[in-house]
Amino acid sequence: MKDTLFKVKSNRLIAKNTYECVLVGDTSDVTAAGQFVNIKLDGFYLRRPISVCDKSGDELTLIYKVVGKGTELMAKTPVGESWLVLTGLGNGYDLEKSGDAPLLIGGGAGVPPMYLLCKKLAEQGKKCTVILGFGSKDEVFYEEEFKALGAEVYVTTVDGSYGKRGFVTDAMDGIDYTHFYTCGPEPMLKAVYNKSTTGGSFSFEERMGCGFGACMGCSCKTITGYKRICKEGPVMQKEEILWKS
Amino acid sequence: MEKLSVNLCGIELDNPIIPASGTFGFGYEFAELYDINILGTFSFKGTTKEARFGNPTPRIAECTSGMINAVGLQNPGVDKVIGVELPKLAKCFNKKVMANVSGFSVDEYVYTCEKIDKCDQVGWIEVNVSCPNVHGGGMSFGTSPEAAAEVTRAVKAVTTKPIIIKLSPNVTDIVSIAKACEAAGADGISLINTLLGMRIDLRTRKPIIANKMGGFSGAAIFPVAVRMVYQVAHAIDIPVVGMGGVSSAEDVIEMMLAGATAVQVGAANLIDPFACKKIIEDLPAVMDKYGINSLEEIIKGVR
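So the protein lines, in turn, are chains A and B.
In terms of numbering that gives the first Met the number 0, the first sequence opens at residue 0 and continues consecutively.
In terms of numbering that gives the first Met the number 0, the second sequence opens at residue 0 and continues consecutively.
Chain A with its partners taken away, still in its complex shape (with noise of 0.2 Å):
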């Protein structure tokens, strides 16, 4: 874990409402994919976390929606100026569970650190099939980015205005996969869990107080004891999950 000055070196809008962001920093401590940032903004008490999208060098991408204030902030961030941002936050995903022919799910939020998690999954030779979930057709973000990564892509959306109609588990009928990895909000995790036949890593979201572990703020209980999503997650394996409701 480190907490340094990364300066923004793009900022744009690549759906509705939400950002891509490229920070220039000392990146050695995120080491998985999966792993999350925690950003200082002035003005905010707390910091906000945000999940890794891409690591190449020095750099960082950063995928974010506008939800709030801080947020809002970070969108309106001219290139040039400096956050300062904890690094090598979470444990992140198992690239050794993924077989020969891993299924990654992502929704919404979620998609962005699929990305990082199937570059370096096409890198070991592995068959990556993805899927992504949006709302609607205006959201759709990183198909083509996915696509460029050798992955077999899948778009769905809720309203059908793009890809397939409905939700992520819709186009999990058919595909033929060794593990599967996803991200995105707690209702789609359920489903794809009770959809899925084979082990599979989910990546959580709570609200955080500090992001590594030491306020106990995000908390859950799994079948091996309580543990802290920020620490012990955000990953934790299909096994070890006790849903809330």
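FYI, nobody ran anything at the bench for these hints, they're computed from the structure.
Keep in mind that a hint or two might mislead.
Which residues of chain A face chain B? A few of them, derived with a C-beta cut under 7 Å, are [as the list claims (entries may be wrong)]:
1) 44
2) 203
3) 206
4) 214
5) 215
6) 218
Only a predicted model underlies this, so the values are computations on that prediction, with no experimental measurement involved.
Virtual Cβ for every residue (Gly too), placed ideally from N, Cα, C.
Fit chain B to the given chain A structure using the hints.
Just chain B now, with coordinates in the frame of chain A:
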């Protein structure tokens, strides 16, 4: 180092900086980041008789210059704290640690304090009386002088280490409660615990915190804390550990002028894991700026 050292209930601290309970775990998350032996000491995660998960999530809400938490004393229980956490801590911390104890009945406080009192690593026991008394209609022990004194007396009877009673600010007259604890044998008083607060999500119209309310902490509460430390320190003769929104070396000096012998730093650790390290490093220069030769000299130095 003498410039910064203070004596808290008979134990010398290299400096008065103490990360507050619940913001520093059992130390080792922070030991990965810096040598935590630079601290005066730290107050470990609130410990109860039995293991607790705490409250349902969400347990955190952001506020202007602060935050609300309703963690609800998640901890592994006193036996695991002694058997697992303290041996782990011993590998990265060679000073006396402050044990923080909570309970939901007088018997629970007694049970936990008696066990922790036998640990060599523990220097002081900080007793958090802000928990609801399950046998007393759910009212917090810390809201009445009688109940706070009852806990103090009971705990003192089974312990040898200095007992510091940690008071809640959510009361009408904190001075009377501090005095009652002093009369019941407390060796020190720490204050303030968090202020009861609440936030509501405008979209869902529901409280952000699952437990509806929680403890408000952070820079925003600093003036309230300084006021209460001042009131209590000027009414009793035992040492006061001041806390509440402390975020800088200047805040530490202000808290000590108000009457604190040592100063706890809480929420600041959560937004900057290096907060205490920076404060300790900044203290000598800030002391020079204000013509302070030794921190001991400025305790209760407000004119």
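Minimum beta-carbon distance criterion (7 Å), residue 206 of chain A to chain B: holds (4 Å)
Interface hint outcome for residue 215 of chain A [beta carbon to chain B under 7 Å]: Hint holds; residue 215 of chain A Cβ to chain B Cβ min 5 Å, cut 7 Å.
Can residue 203 of chain A be said to touch chain B, with a Cβ gap under 7 Å? For residue 203 of chain A, the interface hint is violated, since the closest Cβ of chain B sits about 10 Å away, which is over 7 Å.
Per-residue hint verdict: residue 218 of chain A, partner chain B, C-beta under 7 Å: Interface hint status for residue 218 of chain A: holds (6 Å vs cutoff 7 Å).
Does the nearest C-beta of chain B fall within a distance shorter than 7 Å of the C-beta of residue 214 of chain A? With a minimum Cβ separation of about 5 Å from chain B (threshold 7 Å), the hint on residue 214 of chain A holds.
Interface hint check: residue 44 of chain A, Cβ to nearest Cβ on chain B, cutoff 7 Å. Holds or violated? Nearest chain B Cβ about 6 Å off; hint holds.
Taken one by one, the earlier hints fail for this structure only at number 2.
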